[in-house]
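**Q** As a plain string of letters, each chain reads:
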Amino acid sequence: MPVEIDIARVAHLARIALTPEELETYSAQLLDILEHAERVQALPTEGVEPTSHPLAMVNGFRPDEIGPCLDPESFLSQAPDTEDSRFRVPRIL
Amino acid sequence: MTAWEAVIGLETHVELSTKSKMFCSCPTDFGDEPNTACCPVCLALPGALPVPNEEAIAGIVKIGLALECDINESSLFYRKNYFYPDLPKNYQISQYTFPVCEHGTLDVDVNGEPTVVGITRVHMEEDTGKSSHIGDGGGRIHDARHTLLDFNRAGVPLVEVVTEPDIRSAEQARAYAAELQRIVLSLGVSDARLEAGSMRFDANVSVRPVGETKLGTRTETKNVNSLRSLQRAISFEIDRQIQVLEDGGSIVQETRHWNEDTGATTSMRVKEESEDYRYFQDPDLLPLEVTAAWQDEIRSTITALPAERRVAIIEQGVDRETAVILVDSDELSGLFAAALGDGVPARTVALWLTGDVVAYLRRNEVELSSTGLTSEHLAVLGRMVDSGDLSSSAAKEVLIAVLDGDGGPGEIADDRDLLQVSDTGAIEEAVDAVLADNADALERIRSGDMKPFGFLVGQVMRHMGGKADPSVVRSVLEEKTTDSR
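Sequence order for the protein chains is U and C.
Quick note, our numbering runs 286 ahead of the 1-based positions in the first sequence.
Quick note, our numbering runs 16 ahead of the 1-based positions in the second sequence.
All clues given are correct.
Residues from chain U that face chain C, not an exhaustive set, calculated with beta carbons under 7 Å: (1) Ser-338; (2) Gly-346; (3) Arg-348; (4) Asp-350; (5) Cys-355; (6) Phe-373; (7) Ile-378.
A short list of chain C residues far from chain U (calculated; beta carbon distances all over 12 Å): (8) Arg-198; (9) Ile-258; (10) Asp-346; (11) Glu-444; (12) Ala-457.
Quick list of the computed label-pair ranges, beta carbon to beta carbon: (13) U/Ala-297 - C/Pro-101: 14 to 22 Å; (14) C/Ile-318 - U/Ala-342: 27 to 35 Å; (15) C/Glu-228 - U/Thr-311: 49 to 57 Å; (16) C/Thr-113 - U/Gly-333: 20 to 28 Å; (17) U/Thr-305 - C/Thr-317: 54 to 62 Å; (18) U/Thr-311 - C/Val-268: 34 to 42 Å; (19) C/Gly-213 - U/Ala-303: 32 to 40 Å; (20) U/Asp-318 - C/Gly-264: 46 to 54 Å; (21) C/Gly-47 - U/Ser-360: 15 to 23 Å; (22) C/Pro-56 - U/Pro-376: 21 to 29 Å; (23) U/Ala-303 - C/Thr-319: 52 to 60 Å; (24) U/Ala-342 - C/Thr-18: 54 to 62 Å; (25) C/Pro-56 - U/Thr-311: 32 to 40 Å.
By construction, these hints were calculated from the structure, which means they are not laboratory data.
Bear in mind the structure is a predicted one, so any value in this text is a computation, not a measurement.
We treat Cβ as the ideally placed atom computed from N, Cα and C, and that holds for glycine.
So here's chain U without its partners, still in its complex pose (with noise of 0.2 Å):
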């Protein structure tokens, strides 16, 4: 079966800038990847209960207590640029 992918759009959504040569490369990467995906599909599975995790356990909850937080400082002073005690990012729009 055929599988289309549309890598430029795809790179775009993600905002990774690719030049025409890794276009190509990803996307023949990619193609294969989704053609294993569609061999898995085509295998009959009537009968198997459907799975949307590989391991046998629910929730893994924690109570509702607070914990100890990170010193500001020992984070704000690994970004690229801070002002305030805040990180400073450039304009958004």
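Guided by the hints, dock chain C onto chain U, whose structure is given.
**A** Then chain C, alone, in the frame of chain U:
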């Protein structure tokens, strides 16, 4: 002229008031110091893994149950991918297919006209950090030179309640929002403070000619942070869209921004391409399982919802509007409920609380708790009116004196000589005296002309210094004027 119909759907975000965040143990109650409630999970440091807060799941199930939703026993967390720095992961953990709650309803009443608003879904997600846009435009994103980020709020549990496009007017939208706020407050799962942003609304609005079944192009209005603004923003948007269409234009699907000062919505951005959040199941999180047993356990913690409490009060003979005010205030409804009892007129007490008491508190800028008014005071005062010992106007005077701290109702009525005489002996004497002085009036009544009756009641009241119970005066007078001997 075309008659237009508005079609409105609301998305409401409610921050849950858990102690810790949704997927990490940072506190949700942080001060003003930026970035002090952050850890590797909510900062998205490499390798950090989210662990869901059980209390938050219980909170969303509570909301879902209160909105008559089906609770999915099995639901999943998804990643909503987008590029915006308010969440450092570059995605928000949310839900897509299989939200925790689906297919609910909320009954809304506008001026006695009931409407059922369908609830499409209620899903669990996480709040974003706070962005401050720095520039010349006074915080406006378009004029910003750069943006500062504080991630204290990032990861606070957030519940999104999405309605069906069932709402037809700005008033209905407001009534829905107000009722949802009441429900959330009464469940105790959020402080639902609009001005603080812990409850926020987005309004999807479109218009279409009456009779048309297809939906018109809609806009989404954001930044609405009060019930009044919600109503105003939707009204504005409905009028604007009708104007555009009547002028031969077309509506652009876009996000619009409500400006409180100008009272108008303005275009924020046109969506260049249909949004593609590339939702996929978050591999870091296990499937959620809310078993029937857990649902029952959560259901058992839900006390009577506002609508139910209003009905109970209305059944006591109180009008709807008064019942709404009572139920909206835990203090007032608490006093009301505790004051009820044998011989206590529920309607009168309800009107005192929502009328005289509320006005008193506002006028004197005091809290109810500091006045010392108790349910016992209200019960005693209610019984005094019911038995005819106190006229309704005298009762209001006593009520104000009780609020002023002058003492108990009995004592105040006594001190101020406000008690009515309902002792028929004294009243009979007064009636006899008045009738003796007004022989012609008596004659007219006996010949079938009832006009002087009111005059005679007034005379008796005057004779008694205004302290007679008028209903007793009437009945004695009736008896004596029809008595031909």
